[in-house]
Every structure is written in structure tokens, then in C-alpha cells.
Amino acid sequence: MDEQQVDERQADERPAGERPAGERQADERPASEPPADEWSAGEPPAGERRASVPPCGPLDLSDAATPSAGELPGEVVDALVRAAARSPAYDGPAPDRTGVAVVPGRRTLIKVQHRRHETLAVCLGYERVRVAAGIPAPALLDHGEILAGGERRWWTVLERVPGSHGGAGPLLPRRQRAVCAAMRRWHDRAPVLGRRLDAPGTAAMFFGEIRLRDPACALRLVAALDRACHGAPMTAIHGDMAVGHNVLFTGSRLRAVLDPGAIQVGPPMLDLAWCIAVDLGLGGTVESAVAGYGAGVDHEQLDRLLPLMLARRRFDLLNQRRPAAARRLAVQLRARRPELLTWLPAPDPMPSGTHR
Numbered sequence: 001m002d003e004q005q006v007d008e009r010q011a012d013e014r015p016a017g018e019r020p021a022g023e024r025q026a027d028e029r030p031a032s033e034p035p036a037d038e039w040s041a042g043e044p045p046a047g048e049r050r051a052s053v054p055p056c057g058p059l060d061l062s063d064a065a066t067p068s069a070g071e072l073p074g075e076v077v078d079a080l081v082r083a084a085a086r087s088p089a090y091d092g093p094a095p096d097r098t099g100v101a102v103v104p105g106r107r108t109l110i111k112v113q114h115r116r117h118e119t120l121a122v123c124l125g126y127e128r129v130r131v132a133a134g135i136p137a138p139a140l141l142d143h144g145e146i147l148a149g150g151e152r153r154w155w156t157v158l159e160r161v162p163g164s165h166g167g168a169g170p171l172l173p174r175r176q177r178a179v180c181a182a183m184r185r186w187h188d189r190a191p192v193l194g195r196r197l198d199a200p201g202t203a204a205m206f207f208g209e210i211r212l213r214d215p216a217c218a219l220r221l222v223a224a225l226d227r228a229c230h231g232a233p234m235t236a237i238h239g240d241m242a243v244g245h246n247v248l249f250t251g252s253r254l255r256a257v258l259d260p261g262a263i264q265v266g267p268p269m270l271d272l273a274w275c276i277a278v279d280l281g282l283g284g285t286v287e288s289a290v291a292g293y294g295a296g297v298d299h300e301q302l303d304r305l306l307p308l309m310l311a312r313r314r315f316d317l318l319n320q321r322r323p324a325a326a327r328r329l330a331v332q333l334r335a336r337r338p339e340l341l342t343w344l345p346a347p348d349p350m351p352s353g354t355h356r
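For the sequence shown, position 89 matches number 89 in this note's numbering, and the numbering has no gaps at all.
By construction, these hints were calculated from the structure, which means they are not laboratory data. Glycine included, each C-beta is placed from N, C-alpha and C at the ideal position. Each hint should be verified, as a subset may be incorrect.
Each pair of labels, with its calculated beta carbon distance range [stated by the list, open to error]:
hint, residue 1, residue 2, range
1, 295, 75, 49 to 55 Å
2, 294, 98, 41 to 47 Å
3, 295, 82, 46 to 52 Å
4, 97, 338, 41 to 47 Å
5, 167, 86, 18 to 24 Å
Input sequences plus hints: build the corresponding full structure.
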């Protein structure tokens, strides 16, 4: 959600204690002030909750049930944005951008569905995660659905959070530790809701971009992921959280964790491995991430999963035309599982601005 990024000087002008437009629930707080480090009422301890979640079963090695991850037509996105702009919670001007799914206001922003597989249930569940796990995240101020393109599609109005996206630099080690500490809270405390990794079609979606370019390669990667994950404990996961993905910082302070990924329940080490793979491309280290996550790292499973996530991320970087970051991951793969370098398809011959 790149549009969450704002000029930090402007964002920090918000008067102390002032709320964004729209009424908050009594237990909502600004993203920079997560709930106290306590269990929410009725939340079982982490050990009990983890024990109640079935372990990872066999992954679906086909893609017959894979949900469409394609984008909605621009006119549907525009209709959703117009519906959201009528909410009293939104404090911005009338939208005038075509096909844009995130529209910033002054202290709020509109975010609407723009991919077919995205669900309102995940957005509503994310609000529960924010409160239950003490994760700094934008508060959900309003939401709704409209009939568009023959199906019900959703819109939301969120708090606009100050901060900037993470990246390479001297603050990277501290930022890695902050992100992975928040990830650990997510795994320990978040309600277990949403799509499981072992649900039909989900594993193929996990390697979606590779599947479109080279189905045989995607099948090999899914089979390797199945071997690494089968029988592993499952928790709530973010699915796409790293210093380089879906977080905002002010200095080394984590201000917000943004959009969850397409999979909400999976092995916690899968979440950590993807986080590490993304940030190794920035020049981060495994050690900083593990130190931030703290006790509970399953090093054996992390070692099995990290090469697969490095391969997946390297494919992304090659298609983004980011050769320096891709080379960093190639070095890591040569030291861990060099054969994976030969599995990946060649990058898209046409420059792309759509890959993450």
C-alpha cells in the first residue's frame, strides 16, 4: 500500500490525542499506540491456541482450485472508491483518479478491493489482529460492499498512518528486529482466521507469478514446500511482512504493519523465512531477524524453508529489474541450495512495473 507513505513532517503535525474522521470503537487506538502488552479478554494463551490449530496437512500440488488473483476492471475499482468517498469517515477530496485502489485523505484513506481473491473477511479479521496482538496498524474506520460487475465487492476507510517505507541503510538491523518482534506477537496472539496454506489451490497461488511463467517450475517448488511444511504447527501469519514490504517506520520505530498476504494461516517459520528473504535483498541479515523474533525459532524448519523463499523472491527481483538485490539472494542460494538457481524461469523479457 504505497499510498500509505506520507511526508513525516506533515503527518506529525496531528495534534496530540486528535482522532481521524469517523468514530472509533472504544478499544481502538492510533497505530502508533497499540494496545497494552496483555491478552485480550477471552484470548487463550499462545500454547493453547497453537495446540488447537490442526498442523499443516498435504499441500494441493495442482492448481485446479487456485482462486483467480487477477485485478478487477478499472470501472469496478472506481465505483468502489466513489462508494467509500461517501462515508462520513473519509476526510479527503472527491476522488478523481481512475482505477486507483488506495486514495489518501488528510488523516484517513480509502482502500478498496482491486484483486479478485481479496476478501472483506480478511480486512475485518485484520482489525481483530490489531487489537488482540498489539500490532501497530491502521484502524478500520468504516467499510461496506456494493454490487459491481455482477458480484459483491468491498471498500474500507482506514486511518492514515505517519511514516515511511523501510529500505536499505544503517537502520536496517534495528528495523529487522522490530518487524520480527511484531511478527512473533502476531504468531502468538492473533486470532486464527482465513485461508490455510493447505487449503485447495492455495500453494499454487503462493507461487502464482512463477506458475504463470513456468508451471513445471512452480510444481517443483510446491512439492518442495509440501515436504518442508507437512506436519508443521500452524498459526495466524501475516504472509507478506518485512522491512521491505508492508510496514511503515519513523526512524527505527515501527509505526504500522499494512496489508496481510493472501494466506492467513500457515507455519510461522514460513512467515519468518519470507520476511528474511525480502530483507536479505536489501542487505539485511538472518541474525537480525532471528534476534528480533526471539525464542521459538525452529531453526531446522527455517533452514528448509528459507531457500525456497529466496528462490521465490529472486524471481520477483529479476522481473523488477533489480539486479543488485537479485545477486545478493543468488549468493545466499549458492551457499544453501544452489540447484534452486537452475529451477527458476528466465525473467520476463518485457520490463514490468507491476511485480512487487
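Results for each hint:
no.: 1; hint: 295 with 75: 49 to 55 Å; in the structure: 50 Å, holds
no.: 2; hint: 294 with 98: 41 to 47 Å; in the structure: 46 Å, holds
no.: 3; hint: 295 with 82: 46 to 52 Å; in the structure: 49 Å, holds
no.: 4; hint: 97 with 338: 41 to 47 Å; in the structure: 45 Å, holds
no.: 5; hint: 167 with 86: 18 to 24 Å; in the structure: 36 Å, violated
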